[in-house]
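Chain by chain, the residues:
Protein chains: 2
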Amino acid sequence: MYRDVTCGALRTTDIGRNITLSGWVQKTRDKGFVVWIDLRDRYGITQLVMDEERSTLALLEQARQLGRETVLQVKGTVVERTSKNPNLPTGDIEVLVEGLTVLNPSLLPPFTIEDETDGGDDLRMKYRYLDIRRNPVKNNLIFRHRVSMEVRKYLSEQDFIEVETPYLIKSTPEGARDFLVPSRMNQGQFYALPQSPQTFKQLLMVGGMDKYFQIVKCFRDEDLRADRQPEFTQIDCEMAFVEQEDILNTFEGLTRHLLKEIHNIDVDAFPRMTYDDAMAKYGNDKPDIRFGMEFGELNEVAQHKEFNVFNSAELVVGIAIPGAATFTRKEIDKLIDWVKRPQVGAKGMVYVKYNEDGSFKSSVDKFYDAQDFEQWAQRTQAQPGDLICVLSGTAKATRAQLSALRMEMAERLGLRKADEFAPLWVVDFPLLELDEETGNYHAMHHPFTSPKPEQMELLDSDPGAVKANAYDLVLNGNEIGGGSIRIHDKEIQATMFKHLGFTPEEAKAQFGFLMDAFQYGAPPHGGIAFGLDRLVAILGGQETIRDFIAFPKNNSGRDVMIDAPADIDSTQLDELGIALNLD
Amino acid sequence: MYRDVTCGALRTTDIGRNITLSGWVQKTRDKGFVVWIDLRDRYGITQLVMDEERSTLALLEQARQLGRETVLQVKGTVVERTSKNPNLPTGDIEVLVEGLTVLNPSLLPPFTIEDETDGGDDLRMKYRYLDIRRNPVKNNLIFRHRVSMEVRKYLSEQDFIEVETPYLIKSTPEGARDFLVPSRMNQGQFYALPQSPQTFKQLLMVGGMDKYFQIVKCFRDEDLRADRQPEFTQIDCEMAFVEQEDILNTFEGLTRHLLKEIHNIDVDAFPRMTYDDAMAKYGNDKPDIRFGMEFGELNEVAQHKEFNVFNSAELVVGIAIPGAATFTRKEIDKLIDWVKRPQVGAKGMVYVKYNEDGSFKSSVDKFYDAQDFEQWAQRTQAQPGDLICVLSGTAKATRAQLSALRMEMAERLGLRKADEFAPLWVVDFPLLELDEETGNYHAMHHPFTSPKPEQMELLDSDPGAVKANAYDLVLNGNEIGGGSIRIHDKEIQATMFKHLGFTPEEAKAQFGFLMDAFQYGAPPHGGIAFGLDRLVAILGGQETIRDFIAFPKNNSGRDVMIDAPADIDSTQLDELGIALNLD
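Protein chains in written order, with our numbering: chain A, 1 to 583; chain B, 1001 to 1583.
Possibly wrong hints are sitting among the right ones.
As the list claims (entries may be wrong) - No farther apart than 25 angstroms at their CA atoms in a straight line, the calculated lysine to any residue pairs in the SDA-like style are these:
| id | chain 1 | residue 1 | chain 2 | residue 2 |
| --- | --- | --- | --- | --- |
| 1 | A | 138 | B | 1215 |
| 2 | B | 1153 | A | 330 |
| 3 | B | 1153 | B | 1262 |
| 4 | B | 1260 | A | 359 |
| 5 | A | 330 | A | 359 |
Claimed, not checked - Some chain A residues well away from chain B (every beta-carbon gap over 10 angstroms; in silico):
| id | residue |
| --- | --- |
| 6 | 87 |
| 7 | 371 |
| 8 | 434 |
| 9 | 498 |
| 10 | 515 |
As the list claims (entries may be wrong) - Computed footprint of chain B on chain A, listed as stretches where at least three residues anywhere in the stretch have a Cβ under 8 angstroms from a Cβ of chain B:
| id | region |
| --- | --- |
| 11 | 105–115 |
| 12 | 555–567 |
These are calculated hints, taken from the structure and not from any lab test.
Every residue gets a Cβ at the ideal spot worked out from N, C-alpha and C, and that includes glycine.
Produce the entire structure from the sequences given, and follow the hints as far as they go.
Have a look at this one:
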């Protein structure tokens, strides 16, 4: 037996016990007549002690040789510490060592195994197994487990059944790109890895499973943006015989359960906002509502004056940055540079200082007077002391730019508090989205989303205006879940495919099984999927998903630890009936 | 709202309630003046009633038109049944229908949605979404969920952390064949889908995660034998600072928990048997110990007589089939034919009837007398009334043949009772297995399994004799789990790879990351993996895994419902930098 207690367990009540511990040498302190070792395992740190009075010289000598991260087994007696450490759960005791066994030595690690490490990102990823020994990463993985268990517990108690759907499925090139898997037994044919179990969960509803969930890996072969992974985990859910209201209530319940269990936070009924309102008020379909700075549209009060920039704009819109009237000219210039960065893309920015004394000072004093600015202040809900920032241009681009500014200023002002949680349902998403490059519409959510029944006839006349019973759950400015009521009628599904540019043959080849299934008594159904990686990160008060994934890939889709993807044997290619065909 | 109660919920206490139900028409009975409909959902069946006295003619007429599997919404009042059905939880009540809405009609299903269906296997798989509506399949999936939840609950409470390991990893052609995934971002290179998360779970141990588990899909591109799937689910587990004893105790605890929670069965400490004993006593490394028929080795008592077949055999071995002394000559001949089938492969079979009166009658009366047969009976533990069946030949083949006969006879005699559970640990597996075709040794478990430390030196002199701390958990004649204590030393791992025929370069290219990790303080560790599909099937009292998988593949690895694998677009091939290269 390697141990009879872990490094996090011993307390003063254990004093006098003979124990066996195993773990890693966190550090050694050698004071000559006494040597202390901090021994670490997943559960904590226990201080070991040896001294000239109570220990043999040979043992002291052995202890002095131990390098960091050596794996040790220790036998000894629990004794009271003379100098206690109140910051450590085991800080009242130490273990007087009677025998040390080195279970495995360690080379000097390439970075220090401490909460704050000197290891850069690349090094940490290459030696991820050492990075995981660090508390921040280890605790994130334990936290993820806890969240997953709570999700399963809650949904199970609500009669949801976790059903495993297949990973080797069929490629449906619509949407994102599939990862493909050549079939050896059916040479020339390919499986695809699922982008989501969407069609399978709908078939489970046709199959009467009623309430389904699955915590499941999904795959998208996309050019990776920052903080995206080619494989990611979804909490995938579907319910039959439901309307949108049933789904929102159920998953509001799940989210409330998580906030309560994980953070002991009680949240009121989640606010709901239409997509159109979210875009108008925050320029964003996933607004962070932990803070204000709502958009004030200024067309009525800022146009038709002498200022041509505004007059020619589709939208003039501003926000009030709290307490920023004191910004110096230099600070404001830097802010203007910031919105003009290509990542944001504004042409310029108009500002109005709403001074504490009620006066205004702006970059457009030439065109507007105090009475005008009063109205601007009213519409942006500015208070004396605020800085009103105004952008203009096409509605879509200007909203996106102002949203970026709003988020940036909230970040700088510390308004995005990691321990505050503000969930929000965004509802009534458009069914279709215009691809401005091709002029074609594609599904905003996915091709199985039902148009609002009363708007079906708009599909031909004004497809962009059709709304769907589609909804996102937003938490602190992040979309953590999204879903919709699905089509459950073969004809409507066929119409939808037509509008998305599928020929009837293509629709049948790719999704014939689903449309067939709809003919055999498909119930009304709908669902939602949560991005577990992001949900866990946000619940953990962070925004980077990578540190909540045990073995993440880098931005080129590589696992630098195992060095994958990699070359393969030509015999493997031959067996699969494929050959390389590089550019 | 589509319903305010499900079809399994209503009882006499609900009489008088106005309710809304949704579900499928299971069947309609039209008695002219009264029409009954059985409405079905996941939770049960509720009888609907309409009659000339209480319902409108229009409603009766509408009800008469409803075909099977129509999706209905019903509003009505719960009333007491005049003729109750004690076999149905809702059998005391029915719902007097006030309004019917057809939510979706149904074509006539290709097979009946009943517990006993008229649908053949192929049809059921093609319309799996209809098959899942049938109670046997639906209940299997719910059962699987329940087992998975209990596994997670138990392991979580034992401080195990579920960690998700990656699905896009590196190909390691040793062992079974990998499914490969061409990389688009790294053209010419490939990911592989994991055959198991073996190396990752070991790295998690190096990373100090201490106790890991994961319910995870694994992939093997093998030519499919019956009841194998190219993707299957494992309960994958690993522990640090453990010896074999710790692992056996922990997972005996898990299995005991499952038997208790699922079947309310208490099982004593699981028996343990060495691999060598299992082979000698049962001819099988996964013996079914729910019944006896242990092997009796007869070399000493049957050789060196006049019977040359036995004299020239490496092994003469028999079993006593209880109560089979009454078999007719014809029945015995059929049994002899059975062991001579190519699937079993015996050359012939010697039998001895141990009659109720204590006399013997055999096919080798010419060579042996009653005194000989007494000894045979003693060694096979035969009782009067039993039939002793004896096979001979090379030890390995003969044992396998006799094991097949033993299992077949137990099946025929009803000794393999579905509601009896007899777990068994088989321990001390050989480390290496000789591949008789190539003359090379390969790892019996996998290349990371540790040889028993005291036998390390045998590795060079007599590799086949080296045993490992490797173990299987056997339940009712099925291997439900297997694992081992792993190597945690770089040099021993390198030695092992050498013995398995890896050059140092190959070992480094494929597993360098693991051997590197062993240099940074790898703790002693070991683990186990359970086949969830089989575990669930066996706990469910069945042996076919396919009915416990929502969407299984057929023996050619095809999903006949979605028709995968399938052809893909040539643009997809181009993007991946591959081309078809068919034979």
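- Looking back at the hints listed earlier, which ones does the structure fail to meet? 2, 4
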